[in-house]
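Asks: Go ahead and model the full structure; you've got the sequences and the hints to work with.
Listed here are the chains, written in short residue letters.
Protein chains: 2
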Amino acid sequence: MYTYDQLETFSKQVFLKIGCPEEDAEMAAKTLVSADLRGIDSHGVARLSGYVRLWEAGRINPDPNIKIIHETPSTALVDGDAGLGLVIGPKSMGIAISKAKKAGTGWVSVRNSNHFGIAGYHAMKALAEDMIGISMTNASPLVAPTWSKERMLGTNPIAVAIPAGEETPLVADFATTTAANGKLEILQRQNKKAPYGWIQDKEGKPSDDPFELKNGGALLPLGGDREHGSHKGYCLGSIVDIFSAVLSGAGYGPWAPPFVSFLPMPEDMPGKGLGHFFGAMRIDAFQPKEQFKVNMDRWIKRFRNATTVNENQPVLIPGDPERTLEEERKKSGISLLKPVEDDLKGLALKFGLSL
Amino acid sequence: MYTYDQLETFSKQVFLKIGCPEEDAEMAAKTLVSADLRGIDSHGVARLSGYVRLWEAGRINPDPNIKIIHETPSTALVDGDAGLGLVIGPKSMGIAISKAKKAGTGWVSVRNSNHFGIAGYHAMKALAEDMIGISMTNASPLVAPTWSKERMLGTNPIAVAIPAGEETPLVADFATTTAANGKLEILQRQNKKAPYGWIQDKEGKPSDDPFELKNGGALLPLGGDREHGSHKGYCLGSIVDIFSAVLSGAGYGPWAPPFVSFLPMPEDMPGKGLGHFFGAMRIDAFQPKEQFKVNMDRWIKRFRNATTVNENQPVLIPGDPERTLEEERKKSGISLLKPVEDDLKGLALKFGLSL
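The listed protein sequences derive, respectively, from chains A and B. At position 102 of the first sequence (counting the first as 1) the number is 101 in numbering that gives the first Met the number 0, and the numbers step up by one without a gap. At position 175 of the second sequence (counting the first as 1) the number is 174 in numbering that gives the first Met the number 0, and the numbers step up by one without a gap.
To be clear, the hints were calculated from the coordinates, so they are not data collected in a lab.
Since the list can't tell identical chains apart, any single copy or any two copies may satisfy a pair.
With a straight-line Cα cutoff of 30 angstroms, these simulated BS3-like cross-link-like pairs (lysine-lysine) come out:
no. : residue 1 : residue 2
1   : Lys-201   : Lys-300
2   : Lys-66    : Lys-288
3   : Lys-292   : Lys-271
4   : Lys-182   : Lys-271
5   : Lys-100   : Lys-66
6   : Lys-101   : Lys-288
7   : Lys-90    : Lys-101
8   : Lys-300   : Lys-271
9   : Lys-300   : Lys-213
10  : Lys-182   : Lys-204
11  : Lys-330   : Lys-182
12  : Lys-288   : Lys-271
13  : Lys-100   : Lys-124
14  : Lys-300   : Lys-204
15  : Lys-182   : Lys-213
16  : Lys-292   : Lys-66
Replies: This is the structure:
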């Protein structure tokens, strides 16, 4: 069991060792470990050694010159200079927020980045400013569009954070696939089958084998199959890809760079690195924020009290499970799986740090 | 078989008869019949008599004073004065577009409206301006969130239209449920069962009976059940509801007003009418539009040429099926189901018009 502070401090030390400036190392560590706090363990310290390997492969620039290439009162195009998405993300979301202060809303499309951790973390930055926060990113191609055998899209998550008054904020944060890759990894470790509708094999046939991705299979868009609306999940994944990577000039679709350093970079990339898209909308750019908060509280209370199918299973508000885990883990600590702990110990040894 | 012009002219005459000004009647007719052109028959002239009944019930103001209540450089809050959504929609989308011309993007939340036809029509308005268009609306509560027995949300569609160069634009337009209500109506007419994952019965149990909604059942969020990601469809429907109706001050969640005039208005409504949300983003607020179009063309070509599961079933680009139907129907006309034709004949008789 580790405290949040232990994991955050350790991650920061690792980022300093690969050459990040102090401020960036701290920002990257906070972004990364927010995933462990919120229970999205696949995106937290479990990925720390992956970022280090990308740096070793020369694919991450630890001290990037992140800059605005073009802007209008409510928009910016940002080039991340191949830096850590964990740093480019918060900085770009900060640009969206400061645009929104003046223009009502702010929208930032980012190219030349890397994985930015969990989408929800960035969207939630807007909450303290009484803004709605939006964040999305494209990702390595693992997903087959409806009727495709080929992997063309990433799990391309969308997050939206909406402030409330007395109630806790609504935070939606989800992959645009039936199930995120992290869910498959859990089944792999438990040696269990996956529900049909999550994956297809390399011929495009429905499969329940969680190892199928290693054999050329693919994740399926939200909906699973055409009859259950997979074309809608494919639409969502496409929108995220285009807002994040075509609008910014990053590697889109099957040309999105892989997270794992052992896979080669795609050939003939039409743009630079991975892409993200961030938005911030000031509540009072639409109506008085007090009035909005009263209504959001009423919305949340009404949904929380909806008649349930099973009396032991209350209707949840988006973000409830993650917030509950965050509260628990802040108090009781974060337990790591043995392979993740070994991975961190390996990094400690490599860089002369103590975990 | 009717031509587009016949249906558009007839609809315009009906809107004039209920008291719409000339310009509004024409705008409403164009918006309405765009649904018949694009093959979303449930939202076209099939609904004309429904709008008339809402007017008869005093729920539609045919000559509204649509006004901006509050604005910033990139946002506006619009009150539709209980007018036709078919008119409030295009006018509000026009405000979003003119905001985007100056501020880079424009975002409009609308209250006190009624059903606005198909979401895609409004989003597509942005294409001619080299902008990305976004449109969404809340709707009468027919959908049960994950683990809820109660209907709390509408089918809450989202549309996103993205310009391309030589290729046709990408137009995603989809309900945030597994299947839209129109799909159920088709099965009802054909006396066929629905696939599991579309609906639940009044106890919240999975059902394949397309008449279940009339017995207190509900449509299911995209994903269908928890294991297949229904909580993600619930997130999407919630975001649409909040952007459209909480942000604007309309009737949200279970308080969204019904489309059918025989159902009473909800009690204790927290806001006015139905809500919509529109967005327009200038491509060149991010990067030169020529460069974007080259990349969108490459995106579209690459996805269109993805290896298929079945060689007779090519991978489609969002909007392909609707565009194909639009081309066909512009040329060969629009055939109406007998009950829809009878409905229009009834309106012709009522208002002394010829169909």
